[in-house]
Amino acid sequence: MTLEAFLVVAAALFCVGLYGALSQQSIVMLMMGLELMINGILVAAGGFWYAVRPVVDGQVLVLVAITVMALEMAMGFAVVTALFRARDVDMTDDAGDLKG
Amino acid sequence: MVWALGAVAVACGVAVFVVDSMARATFALLASFLCTGGLLMAAGLHYPGVLVILMMIMEMLVMAVFMVMYMMNPAGLMPMSMLHNRRGALAVAGTAFAAMVAGIVAVPWPERAGRPPDEPAVALGEAIMGSKMLVMMVIGVAILATMIATVVLAMKSGRYGDDA
Numbered sequence: 001m002t003l004e005a006f007l008v009v010a011a012a013l014f015c016v017g018l019y020g021a022l023s024q025q026s027i028v029m030l031m032m033g034l035e036l037m038i039n040g041i042l043v044a045a046g047g048f049w050y051a052v053r054p055v056v057d058g059q060v061l062v063l064v065a066i067t068v069m070a071l072e073m074a075m076g077f078a079v080v081t082a083l084f085r086a087r088d089v090d091m092t093d094d095a096g097d098l099k100g
Numbered sequence: 001m002v003w004a005l006g007a008v009a010v011a012c013g014v015a016v017f018v019v020d021s022m023a024r025a026t027f028a029l030l031a032s033f034l035c036t037g038g039l040l041m042a043a044g045l046h047y048p049g050v051l052v053i054l055m056m057i058m059e060m061l062v063m064a065v066f067m068v069m070y071m072m073n074p075a076g077l078m079p080m081s082m083l084h085n086r087r088g089a090l091a092v093a094g095t096a097f098a099a100m101v102a103g104i105v106a107v108p109w110p111e112r113a114g115r116p117p118d119e120p121a122v123a124l125g126e127a128i129m130g131s132k133m134l135v136m137m138v139i140g141v142a143i144l145a146t147m148i149a150t151v152v153l154a155m156k157s158g159r160y161g162d163d164a
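Chains as they are written, first to last, in our numbering: chain Y, 1 to 100; chain U, 1 to 164.
By construction, these hints were calculated from the structure, which means they are not laboratory data. Note that CB positions come from ideal geometry on N, CA and C, so glycine has one too.
One side only, chain Y facing chain U, incomplete, derived with CB under 7 Å: (1) L7; (2) A11; (3) L13; (4) V16; (5) Y19; (6) L36; (7) N39; (8) V43; (9) G46; (10) P54; (11) V60; (12) L71.
DEER-style ranges, computed between Cβ atoms: (13) D88/Y x P108/U: 49 to 57 Å; (14) A23/U x V55/Y: 39 to 47 Å; (15) R86/U x V55/Y: 37 to 45 Å; (16) D88/Y x L90/U: 25 to 33 Å.
Using the sequences plus the hints, can you model the full thing?
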């Protein structure tokens, strides 16, 4: 197992997520793209921990990234719910306009 | 092992944005996360790997519920496109991937310093209850703040109640 293998997989996951975050109109699908991007960061952090410096700091970083992923999802769903309640909107294009 | 798990993870990640059914997209994302958990376990991070697997199973089930709640086409019965600026997004993502791979190949990565602990989970537990206690405290406060914020945002009455 080489560091390059982990990093190439991480880069691919990150860029697939980036494509989704940029191209999807649905807010829920956009969040899926963000999740995939954090997924890539997790793989890269795991690879660095294994192949460069296997000390506990790397594990703590992975734990923080996992927590960020969970918090992002929870806040995202709450914002979607609030947006849908307030303006009956579930698409990013509709949410982009300010309400007059 | 890493390449196989990584290939499946990326393929499932691509499937998220290819399949018509939103339910299938959710489970494709779950499959990608399961492979990520496998990758972490292959790297020796058993506790974070299992944590990702268990957390993502629950999170994707919740996401499937939200899909049915908010998406127009949860079962994929009426194929429709919900994309904007597809070519631009592809160009940005492709360029970013090419730049990252070029960097990965070009950079002379250092040799491994030290060896992994015999029990990485024990080392992590001792760290977050000892020298990394501040990190855990911040995470705890962040989780509490998120719980309060999500409830406030999702309540029908909002922050100031119905009378406001």
